[in-house]
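J.: Just need the whole structure built from these sequences, with the hints factored in.
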Amino acid sequence: MASFDPDFNKYLWLFFQQIKAKRQANTHGSIISKSNTNFFDILFGKLAKKRRVKYISTLLAYQYRERGMWMRPRTDAWFVMVDKSLDDQTWYANFRVSRHTFQFILDQIEDDIVHENTRLRKAVSPKCRLAMALYYLASTAEYRTIANLFGVSPSFVCICVREVFQAIIDNMKSSFVFLPKDEELDAIVKVYKER
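This note's numbering numbers the first residue of the sequence shown as 5 and each following residue consecutively.
Since the hints were derived computationally from the structure, they do not count as laboratory data.
Derived DEER-like restraints, expressed as beta-carbon distance ranges: (1) L90 - D111: 16 to 26 Å; (2) I192 - A127: 43 to 53 Å; (3) R78 - N98: 13 to 23 Å; (4) K88 - F19: 51 to 61 Å.
Straight line, CA to CA, 16 Å or less: simulated EDC-like cross-link-like pairs of lysine to aspartate or glutamate: (5) K177 - E167; (6) K131 - D80; (7) K131 - D115; (8) K131 - E120; (9) K177 - D116; (10) K131 - E114; (11) K131 - D116; (12) K126 - D80; (13) K131 - D87; (14) K131 - D111; (15) K131 - E167; (16) K177 - D111.
In this text, all values refer to a predicted model and were calculated from it rather than measured experimentally. Ideal placement from N, C-alpha and C gives every residue a C-beta, glycine not left out.
T.: If you want it as structure tokens, here you go:
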């Protein structure tokens, strides 16, 4: 897709200012000094009409330029295949949780890890984000390997893993992690002392 070149407006403005100055010079005497000569003076003073037309058409032709590649193409085909076709045992081997537990965790933290799509790209789904974090915990894979499997960049894997872990801590810590208090703590200490 083409985008507008911001320098084109500057050149076009200079072009019309030069025409205005030439008209004033022709009607009110020479008001352009020799020190102010630039490529527009050369354009209108010494070039033939054909070259002027060619130069202006070239200037107008380059007002739009193609956008370069800003994102490396990646694919999440592995996770799509795993999500749709793996049996429960293979799922557990890859993520170290059952599908039921995975869905339970996702329901608990989904609101904290969901992101909106932008004009530039689609957001990675909360399901994929959680899968990346659990795969990171379940395997010894590097960020680069996980990134290749899920179709994202290695830096995104790092950010995503931290975000998911923080969401798990914020949403599930108070419900599932209990520290012993008073009599229960005394009983645990007594058991360890008797060993």
